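K.L.:
Chains as they are written, first to last, in the working numbering: chain G, 1 to 393; chain V, 1 to 393; chain Y, 1 to 393.
Fair warning: there could be bad hints in the mix.
Pairs of lysine to any residue, SDA-like flavour, derived with a Cα cap of 20 Å [stated by the list, open to error]:
hint: 1; chain 1: G; residue 1: Lys179; chain 2: Y; residue 2: Leu193
hint: 2; chain 1: Y; residue 1: Lys139; chain 2: Y; residue 2: Glu298
hint: 3; chain 1: G; residue 1: Lys272; chain 2: G; residue 2: Lys356
hint: 4; chain 1: Y; residue 1: Lys114; chain 2: V; residue 2: Glu190
hint: 5; chain 1: G; residue 1: Lys179; chain 2: Y; residue 2: Glu190
hint: 6; chain 1: V; residue 1: Lys329; chain 2: G; residue 2: Thr373
hint: 7; chain 1: V; residue 1: Lys339; chain 2: V; residue 2: Thr373
hint: 8; chain 1: Y; residue 1: Lys329; chain 2: V; residue 2: Ile216
hint: 9; chain 1: V; residue 1: Lys329; chain 2: Y; residue 2: Val103
hint: 10; chain 1: Y; residue 1: Lys329; chain 2: G; residue 2: Lys272
hint: 11; chain 1: G; residue 1: Lys378; chain 2: V; residue 2: Gln376
hint: 12; chain 1: V; residue 1: Lys37; chain 2: Y; residue 2: Arg369
hint: 13; chain 1: Y; residue 1: Lys356; chain 2: G; residue 2: Lys179
hint: 14; chain 1: V; residue 1: Lys356; chain 2: Y; residue 2: Glu190
hint: 15; chain 1: Y; residue 1: Lys155; chain 2: V; residue 2: Gly362
hint: 16; chain 1: G; residue 1: Lys37; chain 2: V; residue 2: Ile216
hint: 17; chain 1: G; residue 1: Lys384; chain 2: Y; residue 2: Lys329
hint: 18; chain 1: Y; residue 1: Lys378; chain 2: G; residue 2: Lys179
hint: 19; chain 1: G; residue 1: Lys356; chain 2: G; residue 2: Phe331
hint: 20; chain 1: G; residue 1: Lys329; chain 2: G; residue 2: Trp347
Not the full set, but computed from the structure, chain V residues with beta-carbon under 7 Å of chain Y [as the list claims (entries may be wrong)]:
hint: 21; residue: Lys179
hint: 22; residue: Leu183
hint: 23; residue: Arg187
hint: 24; residue: Asn189
hint: 25; residue: Met195
hint: 26; residue: Gly197
hint: 27; residue: Ala245
hint: 28; residue: Glu326
hint: 29; residue: Lys356
The set of hints was computed from the structure by calculation and includes no laboratory data. Bear in mind the structure is a predicted one, so any value in this text is a computation, not a measurement. Just so you know, even glycine gets a beta-carbon here, dropped at the ideal spot from N, CA and C.
Letter by letter, the chains look like this.
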Amino acid sequence: MIQSKDDFFELVEQIQNSAYYREPLGFGIARVDLGQKSGRVLQATFPFINWQENYGSAAIFQKALQETGHIIPLDESEVVFEVSKNFVAEAISYCTPWLDEAVGDAHKNVQVMKYLRDLPDEELANYRVVFLFEDAAPKSVEAVYLKLYALSSGKAALRSLNLDGAFGVLPNVAWEGRKPYELEWLRDNELRLKMEGAYPNIDAVDKFPRYLQHIIPADNTRILDAAKVRMGAQLAAGTTVMPGASYVNFNAGTLGPAMVEGRISSSAVVGKGTDVGGGASILGVLSGTSGNPITIGENCLLGANSVTGIPLGDGCIVDAGIAVLEGTKFFIAPEEFKKIKEANPEWDAEYKELFKGIELAGLSGVHFRQDSTSGQMKAFRSCKEVKLNEELH
Amino acid sequence: MIQSKDDFFELVEQIQNSAYYREPLGFGIARVDLGQKSGRVLQATFPFINWQENYGSAAIFQKALQETGHIIPLDESEVVFEVSKNFVAEAISYCTPWLDEAVGDAHKNVQVMKYLRDLPDEELANYRVVFLFEDAAPKSVEAVYLKLYALSSGKAALRSLNLDGAFGVLPNVAWEGRKPYELEWLRDNELRLKMEGAYPNIDAVDKFPRYLQHIIPADNTRILDAAKVRMGAQLAAGTTVMPGASYVNFNAGTLGPAMVEGRISSSAVVGKGTDVGGGASILGVLSGTSGNPITIGENCLLGANSVTGIPLGDGCIVDAGIAVLEGTKFFIAPEEFKKIKEANPEWDAEYKELFKGIELAGLSGVHFRQDSTSGQMKAFRSCKEVKLNEELH
Amino acid sequence: MIQSKDDFFELVEQIQNSAYYREPLGFGIARVDLGQKSGRVLQATFPFINWQENYGSAAIFQKALQETGHIIPLDESEVVFEVSKNFVAEAISYCTPWLDEAVGDAHKNVQVMKYLRDLPDEELANYRVVFLFEDAAPKSVEAVYLKLYALSSGKAALRSLNLDGAFGVLPNVAWEGRKPYELEWLRDNELRLKMEGAYPNIDAVDKFPRYLQHIIPADNTRILDAAKVRMGAQLAAGTTVMPGASYVNFNAGTLGPAMVEGRISSSAVVGKGTDVGGGASILGVLSGTSGNPITIGENCLLGANSVTGIPLGDGCIVDAGIAVLEGTKFFIAPEEFKKIKEANPEWDAEYKELFKGIELAGLSGVHFRQDSTSGQMKAFRSCKEVKLNEELH
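This is chain G alone, in the form it adopts within the complex (with noise of 0.2 Å):
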């Protein structure tokens, strides 16, 4: 048993020297929904996450699981255990100095190891050790909900992670509240839960679960409906989902304070101060564009019912009711393209009459519009400042 702070520093860095070790990327302890018919793992809850940090807990751990017999192969991208009786009692061991310290905020790994100290041995299937040593295509369902959980909580950024056959790996559920379950074992008891009025009340059927069934957002983010937020999104402070026409998918989100009212696909990302208008669709990778992310900048406005289709920079103003696509061509006047280039110096164009969406990607301080006299799409320098209303909806 390690008495003493120094005895425990000095342990951990005698891990970090051993062949075994391998510096983690993520880690954590999940508690596992395991499926009812299967019994494979549905769905994974992580009380918190360590995401390039806390390494002395990483040591601690895995020389816990060494010492239990867990080898961690040294060429897998990822590594999940059961957690046992014997790993927890060889963990704590090793963080006598600091269980009397870890409540609250501090040593949560060593809370963690505390709470499952003190539970019965057969709840222990029910937690798993979750290691990521590196960004590869996710292999178990654990280590999905781990980049997940990096995403939404801020620690990654949107669009770092490979996320290369997630949707392999997750297991479609039906979710009643936080609780999936196994479609085939719904089907095999439908019967017997009808008759007895005792059938669950489905919220949703789908492989990811809902950013609110995992994350706390900050105190000035609201999400209006949690159905509009799957998790894997990331929402900045201040950012507002209403519950329209809304949605954030994973791996998508805002940077800052920003109104959602319309749709940010699977990876797009919108700057701060940035107004997604009541229906607004702004296309992702998964479906419409032709493969490049779109990132919306600051205090941009992108009107209701618009569609938005390429990268914008910041302050740009799509207009109420149309389509900013690639190919939409846009007529510039002389003097507009003149001060469009004034604002986006570094925007290397000649003029022309007409410029492909495409063309204009990026380019910050643009007005789209449709001219309601012709019909001819137009793009001009925007001139109204884009405020988010302060009091917001």
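Since chain G is already given, all that's left is putting chains V and Y on it; use the hints.
P.N.:
Positioned in the frame of chain G, the structure of chains V and Y alone reads:
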């Protein structure tokens, strides 16, 4: 008591030749929720339904009804009886040879009878025997539900059933999960419930329940928000309904894997491989069309925030943000007209510059667009092949 | 103790003539949910509210407050007191003549007192006496809720109440059904709750509750998704709110039966018989309009995915997919101008070819359309009569 399977088959034949037997279109036993104030039926939950099948069970149930004094009128399109202790005893006595085998997927009607046999007598008032003999306008809540089950389970084709007057038959109730409350009862008890902190959390007020309150979708079907699909909708395996601006009404849905991010109004049907983009509207006979239900073919793309008010064949594209209505005039260039004719040899049209939407109804391979330089609506031969993202969203 | 009804009326008159009595705009007793960490009020549930009515009960409550040491300042626009045992005893003693009659719809304030009388003392901390004397900016959570109740119950007209600063007064909380959680408390307890598998299923994070968490709609009103209507909205009997892209914000709603498949932004009001099509947006003062709240008249049709940023009179049609904004220019043919003038004799305009949207604000019988052959926006006299489908959806 019937002792052997042969005796059973003989009995069934006997019944089917008797004067009182009527071959049903559909039948089943439902568990019902009764009005807290009125005692009338608010919801009928079928553990499963029989639809043009299992006539042996139908015969047995009819004899058991007959023997216990429940007369089935010969001129009614439907009947509903409260389940009685004697009815169950009779039915069970005919089913003796199957009692042991009736587990899992086998002999579900017998399983239901076994379940009812083991219930305390006073519980039987919550169950109903429901027979539908013809596809007439439904008269009872139970008959409406039986038809909605037939549609949503895929046992009856969309638009194939008579639902006239269903809105009049179903009571409007407040739903707390799967539990319906009578509004009048809530009013009577509002003061007490609120003072006690026991006021229910109402999810919806509607005549129809939600699809997922009664139906288990296929393993690869996803519905990210249960509120988005009404009971009576039909979703083919592989359909994904996203939570943004989407909605699938009763008697509407998909015939194959499809991505649904828009609205499929009542009576509208979408073919396999089609992508209903974010906020796209397909109009229905209850609103928007001139009474003709809209079918969208296979592998079509309805762009984000588009509106489609005419039927489409296969491989059509409606650009984001535009409305294709019966009266919308589309310019077609002579060479595009030729190509569209080639793709639609059965299309009997002479060339002209402008075609109304209704004149293009049902054609395959048409791309609808608004010219961004002139504002003119145009139709031409689509050249992109629409493919659903394999991984979907 | 007051023994007779005459004594009661005399007492009321006495109180109303006393120096401390203040005639309230609205008042009521609320059950409150208290912050798990801060103890502050998170939500106030009124079993019913008194709004410019029941001044006898108001007098009684004020005397009971006065006699038990709760002084009502003469210069405050609102007061909130914790319900005390003595207050209840006093109030009950004045109401003796009504105690037996107070059941069902009769004497609801007395019913509330009886309920409080029978509560264990320690429960009283969850109840508040709330008085609103003037329509000033609300200062307490209870006062905001009282006003939202007044709006949603239809006792106060939409836009008639001062809600300035309501967003600042209401705490942002996580809702699990009707139960609000303080976000800070959730953070403090996240680790434990997740380890225990007891983490709540959060439906929304917002300052406002949902309409259906507090209000029982009329028998023929339907709200297919509770998330779509915020508390403080007003829905006239016969209104249907579909679950696609719809939304009704606080201080917005309908004045008669209406079909709502689109967004009614805060401050927007929709007249009877009007159909707000799928995805249609009516802009609000918090976003989109230049500060003028929008009223839509009766029997209008706002087409699917249309955007309306100006007020409309009766019988107007906005075609699917178009945006009618203050600055949109509409061509009007001379003969159509004449017809529109006939339908709007009070309209004081000279003929010109192009009218801005704002110049057409509030006119009746106008049809707004984009010409599909030229892309030009046009306005003309509407000739279709808009009728809501009798059976609705």
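K.L.:
Of the numbered hints stated earlier in the document, which are not met by this structure?
P.N.:
The structure breaks hints 2, 3, 7, 8, 9, 10, 12, 13, 14, 15, 18, 21, 24, 28, 29; every other hint is satisfied.
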